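K.L.:
Read off the chains here:
Protein chains: 2
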Amino acid sequence: MFESINIKSSVPVYVQIENLVQFAIASGRLKADHKLPSAQVLAEKIQVNPNTVAKAYRDLEVMGLVYTWHGMGVFVEKGAQGRCSQQCRKQIVGRLHEVVSEAKAAAMSAQEIKQICRASMASNASIYGDPPAAMLALVKKQKSSKKK
Amino acid sequence: MFESINIKSSVPVYVQIENLVQFAIASGRLKADHKLPSAQVLAEKIQVNPNTVAKAYRDLEVMGLVYTWHGMGVFVEKGAQGRCSQQCRKQIVGRLHEVVSEAKAAAMSAQEIKQICRASMASNASIYGDPPAAMLALVKKQKSSKKK
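Chains as they are written, first to last, in the working numbering: chain A, 1 to 148; chain B, 1 to 148.
Derived from the structure by calculation, the hints contain no laboratory data.
This one's a predicted model, so the numbers in the text were calculated from it and none came from an experiment.
Treat the hints with care, as some may be off.
If chains are identical, the list can't say which one is meant, so a pair holds when it fits in one copy or spans any two.
[Said to hold, decoys possible] No more than 30 Å apart at the CA atoms, straight line, and that leaves these computed lysine-lysine pairs for DSS-like:
#	residue 1	residue 2
1	Lys78	Lys55
2	Lys104	Lys45
3	Lys35	Lys104
4	Lys45	Lys31
5	Lys104	Lys90
6	Lys31	Lys55
7	Lys104	Lys78
8	Lys55	Lys104
9	Lys31	Lys114
10	Lys104	Lys31
11	Lys55	Lys8
12	Lys55	Lys35
13	Lys35	Lys8
14	Lys8	Lys45
15	Lys8	Lys90
16	Lys45	Lys114
17	Lys114	Lys35
18	Lys35	Lys78
Using the sequences and the hints given, assemble the complete structure.
P.N.:
Below is the structure:
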């Protein structure tokens, strides 16, 4: 689940952790009372400061999605899936709208946007990594096709 | 062009200004040597601190997209469109990939993602504002359709 964290992304690492936990809860991969890795263990695995992981866990606790059992660890809250799913979908709809509007403002066509989404749906590239080469090739292809 | 700036958005205002200028250059709406509104005038219009606008203009100058003619104002660089278009497309492909991957991780289907993109393409809602009600309705509709 945390293997797609990319410390070089423009998305802060603590936000990446928060998002990945939320998506895993929303999709049912992380169930109620499932234990998250300790901040120390996860921080070592992804090579960041333990405070970064601790901040993400604190934020998730404030959102009511996880709870801390002192001395035992951090666990997924009961009933988190319903709330999380609705919240994630709303956030994703908002972000999709933002990017599609940006694409429109930059004069990209509906056809191009559809093509990029299709390529992204089909790829297994990590969320916060660089887009796969096949997608970046679409940028260039569209540009040269304009010259015709 | 700057009417879609939203000071309540999670995207910082100076980034919104930078993006809007870039999209306008990329799409050919802002041509070489076109004068941008002064930082003072734009700041008053969108009700922000003039330093916010000045920061955006400085960043755009560092990117080589605009130049300052002291005492005269800020103008679009010659040849900016080509560079800007390529840069914008790359950035938008990256962000589309990120959001589509997030949607996949949150267990949204290809059908839903397509539907949301289509609704966004069809809407005239401001880029950085809330997504239109019709799109938010898709979030709920999908949720209730799951219960069937």
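K.L.:
State for each hint whether it applies.
P.N.:
Hints, one by one, checked against the model:
In this assembly of identical chains, Lys78 and Lys55 lie within 30 Å of each other by CA distance solely inside one copy; the values are 21 Å within and 46 Å between copies. In this assembly of identical chains, the alpha carbons of Lys104 and Lys45 lie at most 30 Å apart only when taken from different copies (24 Å versus 40 Å within one copy). In the homo-oligomer, the alpha carbons of Lys35 and Lys104 lie at most 30 Å apart only across protomers (23 Å), although the nearest pairing inside one protomer, at 43 Å, exceeds that limit. In this homomeric assembly, Lys45 and Lys31 come within 30 Å of each other (Cα to Cα) only inside a single copy, at 22 Å, whereas the closest approach across copies is 49 Å.
Taking the shortest alpha-carbon separations for Lys104 and Lys90, both the intra-copy value of 21 Å and the inter-copy value of 14 Å come in at or below 30 Å. For a Cα distance limit of 30 Å, the shortest separation of Lys31 from Lys55 inside one copy, 21 Å, qualifies, whereas the shortest one across copies, 45 Å, does not. In this homomeric assembly, Lys104 and Lys78 come within 30 Å of each other (Cα to Cα) only across copies, at 23 Å, whereas the closest approach inside a single copy is 41 Å. In this assembly of identical chains, Lys55 and Lys104 lie within 30 Å of each other by CA distance solely across copies; the values are 25 Å between and 36 Å within a copy.
Only between protomers do Lys31 and Lys114 lie at most 30 Å apart by alpha-carbon distance; the minimum there is 28 Å, versus 33 Å within a single protomer. With identical chains, the CA atoms of Lys104 and Lys31 are at most 30 Å apart between copies only, with a shortest distance of 18 Å across copies and 39 Å within one. In this homomeric assembly, Lys55 and Lys8 come within 30 Å of each other (Cα to Cα) both inside a single copy, at 19 Å, and across copies, at 24 Å. In this assembly of identical chains, the alpha carbons of Lys55 and Lys35 lie at most 30 Å apart only when taken from the same copy (17 Å versus 44 Å across copies).
Within a single copy, Lys35 and Lys8 get their C-alpha atoms as close as 27 Å, which meets the 30 Å cut-off; across copies the closest is 36 Å, which misses it. For a Cα distance limit of 30 Å, the shortest separation of Lys8 from Lys45 inside one copy, 16 Å, qualifies, whereas the shortest one across copies, 36 Å, does not. In this assembly of identical chains, the alpha carbons of Lys8 and Lys90 lie at most 30 Å apart whether taken from the same copy (26 Å) or from different copies (17 Å). In this assembly of identical chains, Lys45 and Lys114 lie within 30 Å of each other by CA distance neither inside one copy nor across copies; the values are 36 Å within and 35 Å between.
For the homomeric pair Lys114 and Lys35, neither the shortest alpha-carbon distance inside one copy (38 Å) nor that between copies (34 Å) is at most 30 Å. Taking the closest pair of Cα atoms, Lys35 and Lys78 come within 30 Å of each other only inside a single copy of the chain (12 Å); across copies the shortest separation is 57 Å, beyond that limit.
Comparing the model with each numbered hint stated earlier shows that hints 16 and 17 do not hold.
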